[in-house]
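Q: Quick note, the sequences are listed as chains A and B, same order.
Counting from 1, one number per residue, gives the positions in the first sequence under the working numbering.
Counting from 1001, one number per residue, gives the positions in the second sequence under the working numbering.
Note that these hints are calculated values from the structure, not bench results.
Quick reminder that beta carbons are idealized off the backbone N, C-alpha and C, glycines included.
Among these hints, one or two may not hold up.
Straight-line C-alpha distance at most 27 Å; calculated DSSO-like pairs for lysine-lysine [said to hold, decoys possible]: (1) B:K1014 x B:K1436; (2) B:K1158 x A:K181; (3) B:K1014 x B:K1159; (4) A:K148 x B:K1275; (5) A:K12 x B:K1377; (6) B:K1193 x B:K1145; (7) B:K1035 x A:K40; (8) B:K1038 x A:K40.
If we take Cβ atoms under 8 Å as the criterion, some of the chain B residues that face chain A in the derived model are [to be verified]: (9) L1049; (10) R1055; (11) I1056; (12) I1140; (13) K1160; (14) R1188; (15) L1191; (16) N1223; (17) D1225; (18) I1240; (19) R1247; (20) L1254; (21) I1266; (22) S1270; (23) R1277; (24) L1295.
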Amino acid sequence: MSSRDQILAAVKQNQPEASVLPSLEGLSGNMPGTLEAYRKVLEGLGGSLFEIKDENEIPALLAEHYPHLQRIIRVGGEQRAWVNEDPHLLEDVDMAVVPGQWGVAENGAIWLTEAEIPVRVLPFICQHLAIVLPADKLLPTMHEAYEKIGAPQTGFGVFIAGPSKTADIEQSLVLGAHGAKSLVVFITAA
Amino acid sequence: MNRQTADHATLADKFNENEPRVDWHDQTLWWVRAKRDKMAWTIPEWEQLREAASRIKLNALGNLHDYLVQFEQQAIQNGATVHWAADAAEHNRIVTDILKKHGVHHLVKSKSMLTEECHLNPHLIANGIDVIDTDLGERIVQLAKEPPSHIVLPCIHKKKEEIGELFHEHLGTPAGNADPQFLTAAARQHLRKEFLQAKAAITGVNFAVAETGEMVVCTNEGNADMGAHLADVHIACMGIEKIIPQRKHLGVFLRLLARSATGQPITTYSSHFRKPRPGQELHIVLVDNGRSRQLGREDFRNSLKCIRCGACMNTCPVYRRSGGHSYHTAVAGPIGAILAPNLDMKDYADLPFASTLCGSCSNVCPVKIDIHQQLYKWRQVLVKEGYTTAAKTASMKAMSGVLSTPRVYRTAGKMGRWVMRAFPGMVNNRLNPWYKQREMPAPPAQSFSQWYEKNKKS
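Start from the sequences, fold in the hints, and give me the full structure.
A: Here's what the structure looks like:
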């Protein structure tokens, strides 16, 4: 018997009686899905947030707050050569500006997928990350987020909440572990 | 496996030689526990969430056979290759074969307690394959040639000065620099090079969804993603108990996991791996290694609900003051003490006794595992099966005799109080383990029964 069949047979024999799944109704309570709530959590995670009218304001804001950026990749921008290149070549990207699908107020997370970001490593390998999210895409909790996301449409998706970080050395929080050292979220008017 | 002659008490003694360090360890973990409390209290539905999570996991255990088959089908449809490993040796062999097939001599690995449990790293090194742990804490203990001492905070036992010293020796940072910000930046540079060179990446799995065949991996550092998205081959290693039924259930677990673990609202990255990227190979290794056996132990099967948050360690008065290495197993602390005897009753017979049975672990567990009750039940199994020392078995038998006969109990109590008063040296000596590191209390003048007789309102 193969290991697969052996394991499955043992599991079948030993598993407890089947029980029903609980309902997930009411688990979100009265969590607010507001911009204020979202901003407070995001800033607590070390991210920053700007409310803008539309995406045209982004270059000026980046120039003001990140004056030394050399290589900026804007998903949806005119430069598209990077999409077909070896992802290792994104190593020198200083700032990536990517679109988000949904934001979660309770934990600051934003859902991104490879439908919008054709190279998976981009939001991780860049030194700094900016996510653009329309204001009406903010939700209270993870339950609403999974409801909206529904069944997977792509091969990869990720919730990103704040810049990459570690507290492995004596529990001292340091921003910028392996992923982006900073995160800025641009909320566009709905 | 992890054959070690020293038991928890002996190793804890060693850890306790440096008292200021034990105090620091204790307080640091308690601080993490306090952060967890603060976070939990911001969610009015916290207890409902714990209950829902516990019941989803119970459902998953009760349908594990079907969910595993469903997960496999979905994963294959998604383009992944699924492997099944009955034990640690088979797991290590499967991983090594994949790497050899691709001619990989050098790879990156993000955190996976399963690969620790299987002792994958030494196996790979013996096969001429160099493996770099990329979680900062894991890299630190790897450089120190130690195992992780905590499943979430692998180097919580290390002082920053020791880490500075390690980095000076291995990464060439200036001697004497122990600034966490500086050391983290140095590790970032060092590990970026590894990510860019690695042809293969191993990751663990936090949750595997039967419905979709996808795997969710949670990190704060981004190391799992840096590895998996750059490598040609991604190998995800998971225990068969990581299965959850549906995608929407992730909402429950992701709300609980990081809040319970470190008091964060969620980890920075919750990555959903479903298909390999074009040109990449995705291998999923499903590992049993005793889990199907534990599933059949009615008293202990709930331990398989564990989502590896580490909250039970942070709150445990014994863990905090004995350190993770004293448990001599990959998963330390209260949860490790109920998982390990299933792997080897003889080697881990000491662990269920490394507890005060205070129950704090069960109170913080996000999936409501009755950890302290299982610790208590394991003790009985281990004594019955003859895995405890002769002295412990004899004293347990004597104790049980005394406790089950009221007359003997009263006489023994009276004698004990008299001995402690008349001959304090009989108990205040090195032979009495209760006297170690503490003074014995003054013997009470009367027993509770005597006091009650006198004071009860008639």
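Q: I1140 of chain B was flagged as interface toward chain A. Is the shortest Cβ-Cβ separation under 8 Å?
A: 7 Å, holds
Q: Holds or violated: is the Cβ of I1056 of chain B closer than 8 Å to a Cβ in chain A?
A: Interface hint status for I1056 of chain B: holds (6 Å vs cutoff 8 Å).
Q: Does R1188 of chain B hold up as a contact with chain A if the rule is Cβ-Cβ below 8 Å?
A: Check passed: Cβ of R1188 of chain B comes within 6 Å of chain A, closer than 8 Å.
Q: Interface hint check: K1160 of chain B, Cβ to nearest Cβ on chain A, cutoff 8 Å. Holds or violated?
A: For K1160 of chain B, the interface hint holds, since the closest Cβ of chain A sits about 5 Å away, which is under 8 Å.
Q: Would you check whether I1240 of chain B satisfies its interface hint, that is, whether its CB is within less than 8 Å of any CB in chain A?
A: 7 Å, holds
Q: Once the shortest beta carbon distance from N1223 of chain B to chain A is found, is it less than 8 Å?
A: Since the shortest Cβ distance to chain A is 5 Å, the answer is holds.
Q: Once the shortest beta carbon distance from S1270 of chain B to chain A is found, is it less than 8 Å?
A: 4 Å, holds
Q: Does the nearest C-beta of chain A fall within a distance shorter than 8 Å of the C-beta of L1049 of chain B?
A: Holds - the Cβ of L1049 of chain B comes within 8 Å of chain A, reaching about 6 Å at its closest.
Q: Holds or violated: the hint that I1266 of chain B contacts chain A, with Cβ atoms closer than 8 Å.
A: 4 Å, holds
Q: Verify the proposed pairing of K1014 of chain B with K1436 of chain B, using a straight-line Cα cut of 27 Å.
A: Roughly 13 Å between the alpha carbons, so the hint for K1014 of chain B and K1436 of chain B holds.
Q: L1191 of chain B was flagged as interface toward chain A. Is the shortest Cβ-Cβ separation under 8 Å?
A: With a closest approach of 6 Å, the L1191 of chain B hint holds.
Q: Against chain A, is R1055 of chain B within 8 Å by beta-carbon distance?
A: 4 Å, holds
Consistency note: the structure conflicts with none of the earlier hints.
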